[in-house]
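Could you put the whole structure together from the sequences, leaning on the hints where they help?
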Amino acid sequence: MAVRGLPAPWRRLPAPAGDPDAALLARVRAGEEAAFMELVRRHEAALLRLARSYVPSAAVAEEVAQETWLAVLRGLDGFAGRSSFKTWLFQILVNRARTTGVRERRSVAVDAGPSVDPGRFDSGGAWSAPPRHWVEEIEERLSAGALAPAIDAALAGLPPSQREVVLLRDVDGLSAPEVCQVLELSDANQRVLLHRGRTRLREAIEGELGGGI
Amino acid sequence: MPLLRRPLACQQMVELITDYLEGALPRSERRRFEAHLAGCEHCSEYLAQMRLTIAATGRLRAEDLTPAMREEFSAIFAGWLAERPAS
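Listed in order, the protein sequences are those of chains A and B. By my numbering, the letter at position 197 of the first sequence is numbered 374, and the numbering carries on one by one without gaps. By my numbering, the letter at position 10 of the second sequence is numbered 19, and the numbering carries on one by one without gaps.
It should be emphasised that the hints constitute simulated quantities derived from the structure, not laboratory data. Nothing here was measured: the structure is a model prediction, and the numbers come from that model. In this text, a Cβ means the ideal position worked out from N, Cα and C, and glycines have one as well. There's no promise every hint is true.
Unchecked claim - According to the in silico footprint, chain B covers these stretches of chain A (three or more CB under 8 angstroms from chain B):
| # | stretch |
| --- | --- |
| 1 | 212–223 |
| 2 | 228–237 |
| 3 | 242–248 |
| 4 | 325–331 |
| 5 | 336–343 |
| 6 | 346–360 |
To be verified - From the derived model, a few chain B residues whose C-beta atoms are all more than 10 angstroms from chain A:
| # | residue |
| --- | --- |
| 7 | A33 |
| 8 | R39 |
| 9 | F42 |
| 10 | A44 |
| 11 | L46 |
| 12 | R70 |
| 13 | E72 |
And the structure:
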């Protein structure tokens with residue numbers, strides 16, 4: 178298991194019951210290429226998105242993702258399922274991307290200022306420019322996937338540390354402790370980065386709907 | 010509402026939303042949050058928008074692999090099978 182250098186409390190983070198990748202992993206171990214392809218299809222986009230946070234180009238991100246898959250195959254027999262497959266996979270990627278990447282991220286600067294434009298509140302902190310109400314109208318557009326390009330663009334525009342947390346939590350569905358494990362973040366910093374990232378994405382949707390202030 | 014605690018302002022509410030959704034607010038803070046929510050349609054809408062944003066982000070889906078990618082991954086897999094000690 179490639180869990181070197183992780184803080185002790187996370188080392189034995191249990192895998193969620195019924196890892197959705199477990200059946201595929203068994204088939205890959207048995208040498209079935211189709212199962213490997215399905216595993217790659219499930220996670221490649223997430224790996225590429227995450228890798229792009231660390232490396233300067235899409236081409237390098239692809240290389241890092243490929244190296245990650247090779248490391249997965251080589252480490253497969255040693256993967257005991259103590260964490261979810263996804264957590265393990267993303268840890269391998271982050272370790273490789275950090276080695277390759279130009280951005281050294283030993284310390285995460287977490288901005289403590291307000292995440293929402295203070296101009297939207299009066300001096301007492303009440304809304305002066307309240308959000309236009311759009312939750313009901315948007316459901317329709319959501320199912321049609323019409324917002325995906327705007328969300329993708331907004332994700333790409335987030336500061337890397339926020340993007341990584343939002344990708345892992347909200348796109349890839351990792352739990353908070355899993356994200357802390359993969360990115361080596363404290364619980365509190367994980368929440369701050371998640372908050373700021375989600376706040377920016379909400380603004381992007383608002384802008385897309387033409388309701389922004 | 011405890012007498013000694015001032016009600017939360019909307020501007021504080023929007024900064025506490027993620028802690029609220031993550032279950033990270035202490036109980037007393039959570040009560041203040043929910044008390045404000047019950048009386049503020051704008052903050053209720055804002056919270057609903059944040060929930061919806063999370064759901065919308067979760068709907069970004071992986072595309073299928075391109076033929077070129079399939080070829081590359083096929084080669085990676087074949088290479089691994091070849092180097093793998095027979096078990």
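What are the numbers of the hints the structure violates, in ascending order?
Those not satisfied are hints 2, 5, 7, 12, 13.
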